[in-house]
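A.B. asks: Next come the chains, spelled out residue by residue.
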Amino acid sequence: EAGVTQFPSHSVIEKGQTVTLRCDPISGHDNLYWYRRVMGKEIKFLLHFVKESKQDESGMPNNRFLAERTGGTYSTLKVQPAELEDSGVYFCASSQGSIPYEQYFGPGTRLTVT
Amino acid sequence: AQKITQTQPGMFVQEKEAVTLDCTYDTSDPSYGLFWYKQPSSGEMIFLIYQGSYDQQNATEGRYSLNFQKARKSANLVISASQLGDSAMYFCAILNFKAAGNKLTFGGGTRVLVKP
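Sequences listed follow chains A and B, in order. Using our numbering, the final residue of the first sequence is 114, and nothing's skipped along the way. Using our numbering, the final residue of the second sequence is 230, and nothing's skipped along the way.
Note that these hints are calculated values from the structure, not bench results. Be aware that a few hints might be false.
[Claimed, not checked] Over 10 angstroms on every C-beta distance to chain B, these chain A residues come out as not near it, computed from the model:
| no. | residue |
| --- | --- |
| 1 | Ala2 |
| 2 | Phe7 |
| 3 | Ser9 |
| 4 | Val12 |
| 5 | Gly16 |
| 6 | Ile26 |
| 7 | Asn31 |
| 8 | Ile43 |
| 9 | Glu52 |
| 10 | Arg64 |
| 11 | Phe65 |
| 12 | Leu66 |
| 13 | Ala67 |
| 14 | Val89 |
| 15 | Gln103 |
| 16 | Val113 |
[Claimed, not checked] If the Cβ cut is set under 8 angstroms, some of the chain A residues that face chain B in the computed set are:
| no. | residue |
| --- | --- |
| 17 | Phe45 |
| 18 | Phe91 |
| 19 | Ser95 |
| 20 | Phe105 |
[Claimed, not checked] Computed cross-link-like contacts, BS3-like style, restricted to lysine-lysine with a CA-CA straight-line distance of at most 25 angstroms:
| no. | chain 1 | residue 1 | chain 2 | residue 2 |
| --- | --- | --- | --- | --- |
| 21 | A | Lys51 | B | Lys212 |
| 22 | B | Lys117 | A | Lys44 |
| 23 | B | Lys212 | A | Lys54 |
| 24 | A | Lys41 | B | Lys130 |
| 25 | A | Lys51 | A | Lys15 |
C-beta atoms are modelled at their ideal positions from N, C-alpha and C, and glycine is treated no differently.
This is chain B alone, in the form it adopts within the complex (with noise of 0.2 angstroms):
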């Protein structure tokens, strides 16, 4: 089985700022994927990035980038200059890919507001 936390519920960043998520994942399984993903008040689920588990580079994605830490089982997702538009719920998420089917688990998420 795989787990995702995100042990920040909610925080507040600076308008042009850049913000750091924190998601920790555990899984047996060598061969997996992580995502992020965007819920803004509108409701709907963005996909935002993605990191392969045997990808050497950290993926990035015009102003996210993901820090993979593999050792530690972490994928922070970092967000460079903020923008107002930015304030949503960001939810990580693990696909293993040897397993049947393919089901992401995600974390609880993390409210971002981004000040003006």
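Okay, chain A solo, but in the shape it has when bound (with noise of 0.2 angstroms):
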């Protein structure tokens, strides 16, 4: 079975643009989280999906920051327009309905903002 994968690994982009990330969690997973780790903190809570509803998204940062999850699959973590302080690694986690509590995490994304 194919674990929560998450594309690109890396991307550096400057100051100013945009960047979407692409989370796919684990077939048959319903809930499906973002978190992120800059720099020396810890991992932090963006947001998470039950389908493709918005559960409780109160770690997301500002409004530069859009999660979506289409038809309740895949998500986009899109950050318009990133600024330094976003760099980080965003992960990405999955669990079933039944056990949400056990959440399987993807690789992470590596975000550089020059």
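Combine both chains into one complex, guided by the hints.
C.D. replies: Right, here's the structure in full:
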């Protein structure tokens, strides 16, 4: 069974540009989460989808971040325009509806904003 | 709100020895879960072990065991018989079941380096 996949693995962009990160959860997992770890800080929750609906987006830092989950399958996280402080590793995780707390993480996307 | 504290930023351990990674937590919710994840240099986060707040026994998974002391609000991870492949970052996390959503709150992590 394929795990959570994320694309790209690494992205380097200039300040002011736009970047879109993609996450493909484990097949059949209704719950999808985004987390990020900025340099030297803890991993922080960003948001949680249940199927295509946003269940909790309390961790989204500001309106430069837009997350979508089309048809309850893959999810994208767009940063527009990117700022230097957005640099970090963005993790996606997914879990089954019946065991929501068992979250399986993807390998992360390392975003570098220069 | 909940909080996780990992006081050991890094540690060395000799191969084949046991190592204990500290984790203390703070939460006002009586129903919660505690998790440990491993992040090797390749970057992925690997789930290791889970302990529920109402579980009477300490969780064990192979060489991993969780020393759960509820009164002290600690959930230390014990890795027995360390292997070179155990070198990684280790994160402790908490999830409050009564809170809306299923968000994990993580500690700052502990970097473990196993010496041959």
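A.B. asks: Now tell me if each hint is right for this structure.
C.D. replies: Cross-check of the supplied hints:
Distance check on Ala2 of chain A: its Cβ is at least 13 angstroms (rounded) from any Cβ of chain B, clearing the 10 angstroms threshold; non-interface status holds. No Cβ of chain B comes within 10 angstroms of the Cβ of Phe7 of chain A; the nearest lies about 14 angstroms off, and the non-interface call holds. The Cβ of Ser9 of chain A sits about 8 angstroms from the closest Cβ of chain B, inside the 10 angstroms cut-off, so the non-interface label is violated. Its beta-carbon lying about 16 angstroms from the closest one in chain B, Val12 of chain A satisfies the requirement of being farther than 10 angstroms from that chain.
Every C-beta of chain B lies more than 10 angstroms from that of Gly16 of chain A, the closest at about 27 angstroms, which supports listing it as non-interface. At the 10 angstroms boundary, the C-beta of Ile26 of chain A stays outside the reach of chain B, the nearest C-beta of that chain being 12 angstroms off. Separation of Asn31 of chain A from chain B is inadequate, the least Cβ-Cβ distance of about 6 angstroms not exceeding the 10 angstroms criterion. With a least CB separation of 4 angstroms from chain B, Ile43 of chain A falls inside the 10 angstroms interface cut-off, contrary to its annotation.
Annotated as non-interface, Glu52 of chain A keeps its C-beta farther than 10 angstroms from every C-beta of chain B; the closest such distance is 16 angstroms. Chain B leaves Arg64 of chain A outside its interface by the beta-carbon criterion, the shortest separation being 21 angstroms against a cut-off of 10 angstroms. Once the 10 angstroms rule is applied to beta carbons, Phe65 of chain A is consistent with being away from chain B; the minimum gap is 16 angstroms. Every beta carbon of chain B lies more than 10 angstroms from that of Leu66 of chain A, the smallest distance being close to 19 angstroms; the non-interface claim holds.
With a closest Cβ-Cβ approach of about 14 angstroms to chain B, Ala67 of chain A is found to remain outside the 10 angstroms limit, as its non-interface label requires. The non-interface label for Val89 of chain A is inconsistent with chain B: the shortest C-beta to C-beta separation is roughly 7 angstroms, within 10 angstroms. At roughly 7 angstroms, the least C-beta separation between Gln103 of chain A and chain B is not larger than 10 angstroms, which violates its mark as non-interface. Listed as a non-interface residue, Val113 of chain A keeps its Cβ farther than 10 angstroms from every Cβ of chain B; the least gap is roughly 18 angstroms.
Annotation: interface hint on Phe45 of chain A holds; nearest CB of chain B at approximately 4 angstroms, less than 8 angstroms. Using the Cβ-Cβ criterion of 8 angstroms, the hint placing Phe91 of chain A at the interface with chain B is satisfied: the shortest such distance is roughly 6 angstroms. The beta carbon of Ser95 of chain A is positioned within 8 angstroms of a beta carbon in chain B (closest approach about 7 angstroms), and the interface hint is therefore held. Because the smallest distance between the Cβ of Phe105 of chain A and any Cβ of chain B comes to about 4 angstroms, under 8 angstroms, the interface hint for this residue holds.
With a C-alpha separation of about 20 angstroms, the suggested pairing of Lys51 of chain A with Lys212 of chain B holds against the 25 angstroms cut-off. A distance of roughly 11 angstroms separates the Cα atoms of Lys117 of chain B and Lys44 of chain A; the hinted pair therefore holds under the 25 angstroms criterion. For the hint linking Lys212 of chain B to Lys54 of chain A, the alpha-carbon distance of about 18 angstroms falls within 25 angstroms, and the restraint holds. A distance of roughly 31 angstroms separates the Cα atoms of Lys41 of chain A and Lys130 of chain B; the hinted pair therefore is violated under the 25 angstroms criterion.
Among the hinted pairs, Lys51 of chain A with Lys15 of chain A is inconsistent with the structure: their alpha-carbon atoms are about 32 angstroms apart, more than 25 angstroms.
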